[in-house]
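Colleague: Here are the chains, one letter per residue:
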Amino acid sequence: MFRWLNGPGNVFRQPLPGSTNYLNAYDRSGNLLRARDSPKGRNSEGEAEEKDEDKEKDVDEGETNDLEVNVETATVKSKKAQRPSPKAMMDGVPLPKETAEDLMPFPMNRQFRSQAVLSEELKNAIYERVVVQGKSVRNVSAALGVEMRRVGAVVRLKAVEKGWETKGKPLATPYSKAVLSMLPQTPYIPNDPQVHESINDLPVHRATTLQLFHPVSESRHFTRRDAGQAFQRDLKPAEDRIPHTELYQMEKWRYEGMQRDERIQRMREQNEKDIQAKKEKEERRREKEKMEVTRVDHGRSVFRFQDVRVDERVGEDGRGRAGVGARYGIPHQDRKKGQIKIPTKVE
Amino acid sequence: MRKRFHGLKRLKLRQSWNKYNLYNISRAEPPRSQERTFFQQKWTAKALTRAYHGETIREKQWTRMFRRTIKSVVPMDPKYLAEQDGSEQAAGRGSGVDPPPDQKPKMFPKTPYLNMTYAPTERRLDTAIFRALFASSTRQARQFVVHGYVKVNGKQMVYPGYQLNPGDMFQVEPDRVLFATGARKDKAERAAGRRLRAFKVSKKAAANESESDSEPAEPQTPKSEPPPEPTSLNKNPKKDLQSLLSQAKSILSTPSSYLTAHRKQDLRAFQRTVKRTLSRPDALTTTSLDNQLAEITSKMTTQTSSTPSPSSTTPSDIPTLSSPELQAEAATLSPSQLDTLRSALREARENPIDASKPYATPWRPREWMSAFAFVPRYLEVHHKICSAVYIRHPVARPGLAEVPTPYSSELNALAHNWYLRRR
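Taken in sequence, the protein lines are chains A and B. Counting along the first sequence from 1, when you hit position 280 you're at 280 in my numbering, and nothing is skipped either side. Counting along the second sequence from 1, when you hit position 45 you're at 45 in my numbering, and nothing is skipped either side.
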């Protein structure tokens with residue numbers, strides 16, 4: 001093991017400056033594949049290094065099995081070999097960008113890749129657009145190619161960071177810098193936003209996972225909507241189930257030949273209407289909750305008291321699980337041995 | 001900890017950044033399947049995968065958590081959806097028109113569903129902390145949770161098995177994260193930390209004594225003991241300070257004719273503090289240094305904000321300014337050394353030397369970390385505040401599974417098959 005750690009594995013001891021450093025990016029003898037494959041990387045330095053490493057291997061193999069001696073000599077050598085290699089590569093010849101192969105941390109699993117994270121600038125841009133400029137999450141998501149839930153999360157986390165700054169709580173900046181330099185990142189280019197992830201992911205509906213034989217007449221124009229209904233009566237087609245339905249709508253209008261200004265105008269009107277409706281709904285829900293639920297805050301947890309009619313909740317047979325309180329013939333399970341009492345949600 | 005957690009003979013891959021584990025991952029090979037019954041293959045697959053995924057979860061718990069349904073998504077193109085109504089996929093003999101014989105049919109990457117077998121374990125709080133790179137192993141993450149260093153949505157959560165819901169934010173105490181991911185102290189640093197602690201204890205004891213005597217202890221307490229003198233300190237900060245000092249000197253020397261007297265005084269005072277701190281390394285609190293730096297930088301910034309107004313009136317920036325003083329300021333600001341000085345000092349302030357911390361200071365990442373550093377997409381991590389949001393459950397998509405597993409699809413499929421038998 002120590003032969004590997006001090007030999008080919010030594011490249012993983014310290015991060016590769018300005019790049020990711022995963023197992024799959026190297027060959028068995030610890031050479032960076034993309035540095036070797038690229039024509040630029042084949043300079044005299046690289047060859048010299050390779051020769052050095054070859055020598056090392058020979059020496060390693062020739063050595064006795066005395067572990068400690070092996071380790072000591074190997075560390076000294078490895079320090080010599082390791083120090084110049086990344087710097088020389090970075091300074092002399094810039095490394096080519098990682099391929100999908102280089103981003104696999106587990107060599108056996110080809111279906112897992114280390115995917116890019118948001119860079120600090122992109123996070124700042126998201127926060128600014130949402131909070132300072134007051135744009136909707138939906139717009140920002142579509143403009144920057146970041147999922148809506150992620151946009152929301154970034155805004156929330158950024159707000160916490162600002163709170164810490166105002167409070168004077170120390171941030172873990174060196175840690176953040178070090179970690180981000182080890183990860184692939186999506187940069188923020190103001191005029192040319194890079195797509196971070198696919199924002200229109202259609203979740204696979206469970207009803208559609210089974211194969212279905214559905215004979216229809218040959219003359220029938222069988223569309224996506226029909227296919228959905230064949231699987232389940234009320235299953236909506238993909239265009240209604242994707243997160244950014246408005247992008248579909250815009251494309252649809254464009255396809256139908258509507259002018260750009262008109263499209264934008266109509267979309268704006270529709271957005272306003274949607275936002276208004278949502279606000280009203282939320283207001284109603286909040287008022288209803290206020291009427292029904294009494295909250296008692298205890299710091300670590302918040303108790304919520306709500307009036308409940310048991311017979312509404314227990315169902316027809318009186319054994320429904322939503323029913324509360326002591327009911328004759330329905331034993332409580334929560335005091336039994338082995339019942340897990342981990343909270344299921346924190347609000 | 002069980003015996004041979006990172007065994008070298010019988011390979012068990014673990015959720016940890018240990019170098020033994022890295023070595024094991026680098027040489028692990030799929031188990032042989034020839035001449036083995038299906039049951040044996042499944043058994044091995046289950047044993048191997050379970051050693052990685054939630055080895056702290058008991059088998060009965062896991063079988064209860066296991067779900068045969070797997071979440072997946074398909075990325076959609078709104079343009080395609082707008083232009084086609086889907087009927088083209090039902091054309092021909094019911095599955096789309098065949099492409100002409102000289103063209104190959106378009107290949108669509110398969111969705112690796114069975115790599116998602118252990119998706120339910122990724123919902124656990126301890127696993128999520130490990131995946132967010134806040135701990136060096138799931139076991140350490142678990143310890144952080146149990147010891148009360150973790151909050152979920154601002155409330156302390158002490159159950160490592162808490163199942164995160166989409167939208168939950170979890171925070172780990174930054175000091176713990178720095179400890180978990182930072183390099184270890186060397187012998188001298190540990191000794192310095194011990195001395196510091198001993199000094200604090202003795203000081204406290206002295207204070208207590210004086211209180212018990214009920215005497216005005218003002219002259220006694222400060223004299224009670226001399227401050228500890230750590231003989232050996234990390235040499236890097238010293239070097240840093242030296243470089244800073246030389247930079248300050250160069251700033252002073254280069255545009256000397258233009259410098260205002262006040263500015264010169266500032267910089268000289270700064271130089272003096274740097275010298276003092278260099279001569280007495282135990283006093284590296286950097287607070288006084290910080291204050292001075294803050295003053296100087298604030299002056300710089302105010303001057304930079306004031307300089308553009310006259311310069312905007314004239315096309316050329318530096319040479320023709322309203323007053324010789326402003327011109328001097330511009331001249332002093334122009335060298336890039338000032339910027340480097342500022343950034344270097346900022347870094348020194350962000351990453352100070354502190355013997356009381358349980359990790360090597362100034363903080364640097366621990367060895368072997370980079371090979372394990374990845375953040376899956378179902379988490380949005382903000383490393384600066386050691387917080388992350390679990391935005392959704394992990395999903396499979398064409399060609400990609402989001403559950404980080406070191407094993408291949410085949411092995412995961414066998415494990416999935418093993419757990420299917422209960423339900």
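Because the hints were derived from the structure by calculation, they are not lab data. Hints are not guaranteed to be accurate.
DMTMM-like cross-link-like pairs, simulated, lysine to aspartate or glutamate; straight-line CA separation at most 25 Å [unchecked claim]:
id, chain 1, residue 1, chain 2, residue 2
1, A, 278, A, 246
2, A, 336, B, 173
3, B, 71, A, 240
4, B, 155, A, 289
5, A, 345, A, 316
6, B, 12, A, 27
7, B, 110, A, 197
8, A, 158, B, 211
Partial pick of chain B residues on the chain A-facing surface, computed with a CB cut under 10 Å [to be verified]:
id, residue
9, 16
10, 47
11, 51
12, 85
13, 89
14, 350
15, 369
16, 373
17, 380
18, 417
No residue lacks a Cβ here, since even glycine has one placed at the ideal position from N, Cα and C.
Colleague: For each hint, tell me whether it holds in the structure or not.
Modeller: Here is how each hint holds up against the structure:
Only pairs whose Cα atoms come within 25 Å are accepted, and residue 278 (chain A) paired with residue 246 (chain A) is accepted, the gap being roughly 16 Å. For the suggested pair residue 336 (chain A) and residue 173 (chain B), the alpha carbons sit about 35 Å apart, so the restraint of at most 25 Å is broken. A distance of roughly 19 Å separates the Cα atoms of residue 71 (chain B) and residue 240 (chain A); the hinted pair therefore holds under the 25 Å criterion. With a C-alpha separation of about 22 Å, the suggested pairing of residue 155 (chain B) with residue 289 (chain A) holds against the 25 Å cut-off.
A distance of roughly 28 Å separates the Cα atoms of residue 345 (chain A) and residue 316 (chain A); the hinted pair therefore is violated under the 25 Å criterion. For the proposed pair residue 12 (chain B) and residue 27 (chain A), the alpha carbon gap of about 22 Å is at most 25 Å, so the pair holds. In summary, the hint linking residue 110 (chain B) to residue 197 (chain A) is supported, as the alpha carbons are separated by about 19 Å, within the 25 Å threshold. Under the criterion of a C-alpha separation no larger than 25 Å, the hint pairing residue 158 (chain A) with residue 211 (chain B) is inconsistent with the structure, at around 46 Å.
Violation of the interface hint for residue 16 (chain B) is found here, the shortest Cβ-Cβ separation to chain A being roughly 13 Å, above the 10 Å cut-off. For residue 47 (chain B), the interface hint is violated, since its Cβ never comes within 10 Å of a Cβ in chain A; the closest pair sits about 16 Å apart. The restraint placing residue 51 (chain B) at the interface with chain A is violated, with a minimum CB-CB distance near 14 Å, outside the 10 Å limit. The interface hint given for residue 85 (chain B) is met, as the beta carbon of that residue sits about 4 Å from the closest beta carbon of chain A, less than 10 Å.
Because the beta carbon of residue 89 (chain B) sits about 8 Å from the nearest beta carbon in chain A, less than 10 Å, this interface hint is met. Because the closest C-beta pair between residue 350 (chain B) and chain A is about 5 Å apart, less than 10 Å, the hint holds. A distance limit of 10 Å between C-beta atoms decides the matter here; for residue 369 (chain B) the minimum to chain A is near 7 Å, and the interface restraint holds. Satisfaction of the interface hint for residue 373 (chain B) is found here, the shortest Cβ-Cβ separation to chain A being roughly 4 Å, below the 10 Å cut-off.
Look at residue 380 (chain B): its Cβ gets to within about 4 Å of chain A, closer than 10 Å, so that hint holds up. Using the Cβ-Cβ criterion of 10 Å, the hint placing residue 417 (chain B) at the interface with chain A is not satisfied: the shortest such distance is roughly 17 Å.
The structure shown violates the earlier hints numbered 2, 5, 8, 9, 10, 11, 18.
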